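Here the protein sequences line up with chains A and B, keeping their order.
Numbering-wise (our numbering), the first sequence opens with residue 1 and increments by one.
Numbering-wise (our numbering), the second sequence opens with residue 1 and increments by one.
None of these hints come from the bench; they were simulated from the model.
As the structure is a computational prediction, the values presented were derived from the model and not from experiment.
Treat the hints with caution; some may be incorrect.
[To be verified] Below 35 Å or equal to it, Euclidean Cα-Cα: the simulated DSBU-like pairs (lysine-lysine) are:
#, chain 1, residue 1, chain 2, residue 2
1, B, 48, A, 6
2, B, 48, A, 389
3, B, 48, B, 389
4, A, 389, B, 389
5, A, 6, A, 389
6, B, 389, A, 48
[Said to hold, decoys possible] According to the in silico footprint, chain B covers these stretches of chain A (three or more CB under 8 Å from chain B):
#, region
7, 167–178
8, 242–256
Think of the CB as a built atom: it goes at the ideal place given N, C-alpha and C, for glycine as much as any other residue.
The primary structure of each chain is shown beneath.
There are 2 protein chains.
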Amino acid sequence: MTLPVKDRFHLPEGMIYLDGNSLGPLPRGVEAAVSQMITDQWGAHLIKGWNVDEWMAQPIRVGNRLARMLGAEDESIAMGDTLSIKVFQALAAGLAMRPDRRVILSDNGNFPSDLYMAEGLIQLLGDRYELRVVAPEEVEAAMTEDVAVAMITQVDYRTGRMHDMEGITRAAHAAGAVMLWDLAHSAGAVPVDLGACNCEFAVGCTYKYLNGGPGAPAFIYVRPDLIGTAQPALSGWLGHDAPFAFEPSYRPASGIERMRVGTPPIIALAALDCALDSWEGVDMAELRAASLHLSEVFIAEVEARCPALTLVSPRDGAQRGSQVSFAFEHGYAAMQALIARDVIGDFRAPDIMRFGFTPLYLDEGDVRRAVEILAEVIDNRLWDRPEYKQANRVT
Amino acid sequence: MTLPVKDRFHLPEGMIYLDGNSLGPLPRGVEAAVSQMITDQWGAHLIKGWNVDEWMAQPIRVGNRLARMLGAEDESIAMGDTLSIKVFQALAAGLAMRPDRRVILSDNGNFPSDLYMAEGLIQLLGDRYELRVVAPEEVEAAMTEDVAVAMITQVDYRTGRMHDMEGITRAAHAAGAVMLWDLAHSAGAVPVDLGACNCEFAVGCTYKYLNGGPGAPAFIYVRPDLIGTAQPALSGWLGHDAPFAFEPSYRPASGIERMRVGTPPIIALAALDCALDSWEGVDMAELRAASLHLSEVFIAEVEARCPALTLVSPRDGAQRGSQVSFAFEHGYAAMQALIARDVIGDFRAPDIMRFGFTPLYLDEGDVRRAVEILAEVIDNRLWDRPEYKQANRVT
């Protein structure tokens with residue numbers, strides 16, 4: 001497989017898309033697959049779709065496709081809900097595995113929603129727990145014996161800094177803690193081997209590097225030896241061992257189905273299922289090499305041509321995910337000016353210009369052109385124009 | 001408006017669909033609307049869709065459409081997640097409003113997932129709470145002063161028995177309890193007036209009578225005077241007052257947005273948004289009259305022609321939602337035989353044959369034909385054929 005495989009995606013003419021770390025582009029075939037699902041399944045079969053189209057099996061069937069990309073066993077990943085919900089499920093299950101401990105450990109590079117969900121869970125549990133947030137480089141040292149669950153996002157959403165999953169998981173286990181990884185910026189971005197990592201839980205979303213579409217279903221992984229005992233705090237009927245027996249009390253499924261909650265989002269799963277086709281034949285090691293190459297070119301070119309910008313991502317590629325961030329005082333307006341010129345990155349407060357590198361649909365020419373346009377924006381102080389200073393973007 | 005409005009739906013030729021209480025049929029226009037969203041919004045705008053296509057406003061904008069159908073104020077309903085998740089949110093928020101009370105009251109006609117979610121929440125809270133489940137007719141008498149939250153489904157999923165929302169809410173309030181209604185089998189089925197009811201919370205799904213598609217997003221209503229203080233236990237970033245400020249701590253939005261959790265399911269919301277168009281000009285009182293008429297015809301005809309079947313729904317239409325259930329010893333196989341003849345109802349253990357009456361796309365002729373075919377199945381003991389006895393249906 002030679003990357004990129006641009007023909008697998010709808011890419012607007014002239015756009016250089018460096019925001020696949022936020023929302024992936026539309027893979028070819030998704031619109032047709034969703035239309036087909038709506039018309040030929042829902043429209044033609046109505047309620048019978050649950051049987052004849054095997055909708056009920058979809059959350060695990062699609063989960064199995066993801067499992068193969070993430071070094072996980074079949075039947076260890078369930079799709080559904082949103083990443084925030086899956087964080088809550090994993091955290092609650094993890095705390096229940098360490099009933100004598102009271103600390104959730106995270107780092108301040110974690111995505112805020114993960115921390116918010118932990119706060120909400122702790123409040124719900126009567127404030128008997130503590131959310132301990134340390135600097136990213138202090139995570140290993142902070143693995144003390146009061147930590148029940150360590151919840152870390154592998155790749156920092158702002159800086160792209162990447163944690164060593166296996167090393168941190170070993171440190172967590174040495175301290176007796178449960179390890180929960182958030183793979184939002186990892187799945188489809190860097191090679192992940194959940195089996196080798198040996199973490200108890202992993203969660204992630206599918207609308208970034210996996211290109212599942214806006215609000216695509218999330219995933220949760222539970223290490224196979226723990227699936228039969230992990231407590232599903234959000235104990236909805238589709239996690240029940242026999243959902244259609246309508247028993248009066250909850251009894252979790254023996255398999256990963258226990259992490260399902262409500263009715264699966266069939267239309268969204270059809271979109272994601274088709275989107276995963278664009279990974280066919282893609283080797284993750286090759287993808288990683290291409291991602292690092294694109295990132296290195298970008299860093300070198302920006303540093304050569306835009307000295308006002310300061311690299312805030314790790315310079316060492318081995319410590320960086322598939323994105324590069326630069327700090328710039330006028331970053332918000334500069335990013336608006338860049339977007340107006342069809343180079344799409346995004347901005348994260350207070351001053352971070354963020355660029356994602358997705359080798360499925362980006363090549364070196366795209367990256368070099370993007371830097372040329374960025375240099376024009378900076379050199380000509382286009383960020384100083386009033387139209388780029390309006391704070392009207394929500395993402 | 002003269003009902004039905006069959007031309008607003010794709011209805012397979014020859015099928016009589018009496019299962020809109022489980023999954024509504026495909027409304028015309030949905031496939032095109034979803035295609036348009038995928039191609040012209042996601043495909044063309046990518047990440048900019050959050051701004052130019054106003055995706056971020058979608059959960060409340062669609063919620064406002066629903067609010068108008070349910071007698072609720074604008075900005076009092078948020079869409080997203082699944083009904084089970086919304087039950088959890090409402091229950092947790094309700095318990096926090098009555099910190100000195102320890103009982104969640106429900107009835108044994110409630111949908112099992114509601115009870116399961118309550119069980120899971122109670123376990124999470126350290127078993128300091130009690131889930132008290134009484135018979136449907138005992139709900140009012142069970143409103144004792146230890147009840148924190150009364151969680152009742154207005155229309156019983158098995159029998160169609162309908163509770164008096166206003167009366168039970170008054171009883172709950174007289175006892176000082178918070179009232180939570182599950183409208184899964186009400187929204188789009190019977191007139192609902194949340195304002196007059198005065199309940200604190202309501203939740204529901206949109207894939208039944210609202211025809212939003214399999215796994216369509218759920219909704220949660222919070223009484224406007226309580227929105228500013230209701231605690232969102234599932235405190236995800238999209239419930240934050242400033243999601244894109246990425247603050248380190250959770251701070252709920254002042255409005256109903258606080259009941260959002262993760263990223264909104266944009267594709268599914270586009271389907272639902274279009275599906276709601278099929279309600280244009282429909283008067284709920286007229287719909288209710290038509291539903292009762294269809295149900296009365298069905299009951300009279302079945303009782304006249306199939307004496308082996310026993311009505312288990314209330315005979316009094318005022319106490320019945322928009323479905324009718326009959327008990328029959330061989331109900332499972334009889335329903336399979338009926339479905340094989342393109343009359344689609346469903347089965348609920350142990351012996352209930354369930355039929356939904358949806359005046360948007362059913363007329364009296366359909367109902368009479370359905371009973372003729374049912375009578376054939378019963379008279380000819382088709383339920384005794386081996387092919388109908390296989391327990392292979394999941395819904």
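Does residue 48 of chain B pair with residue 389 of chain A here, judged by a C-alpha cut-off of 35 Å?
-> Given that 35 Å is the threshold and the Cα spacing comes to 17 Å, the pair holds.
Within a Cα-Cα threshold of 35 Å, do residue 48 of chain B and residue 389 of chain B meet the stated pairing?
-> It is violated: about 53 Å lies between the C-alpha atoms, which goes past 35 Å.
With a cut-off of 35 Å on the C-alpha distance, tell me whether residue 389 of chain A and residue 389 of chain B pass.
-> 68 Å, violated
Starting from residue 6 of chain A, check that the Cα of residue 389 of chain A is at most 35 Å away, please.
-> 33 Å, holds
Straight-line alpha-carbon gap residue 48 of chain B to residue 6 of chain A, limit 35 Å = 20 Å, holds
Distance restraint between residue 389 of chain B and residue 48 of chain A, which requires alpha-carbon spacing of 35 Å or less = 17 Å, holds
Coverage claim, chain B over the region 242–256 of chain A, checked by counting residues with Cβ within 8 Å (three needed) = That given contact holds, which follows from 8 residues of the region 242–256 of chain A lying within Cβ reach (below 8 Å) of chain B.
Do three or more residues from the region 167–178 of chain A put their C-beta atoms closer than 8 Å to C-beta atoms of chain B?
-> violated (count 0)
Taken one by one, the earlier hints fail for this structure at numbers 3, 4, 7, listed in ascending order.
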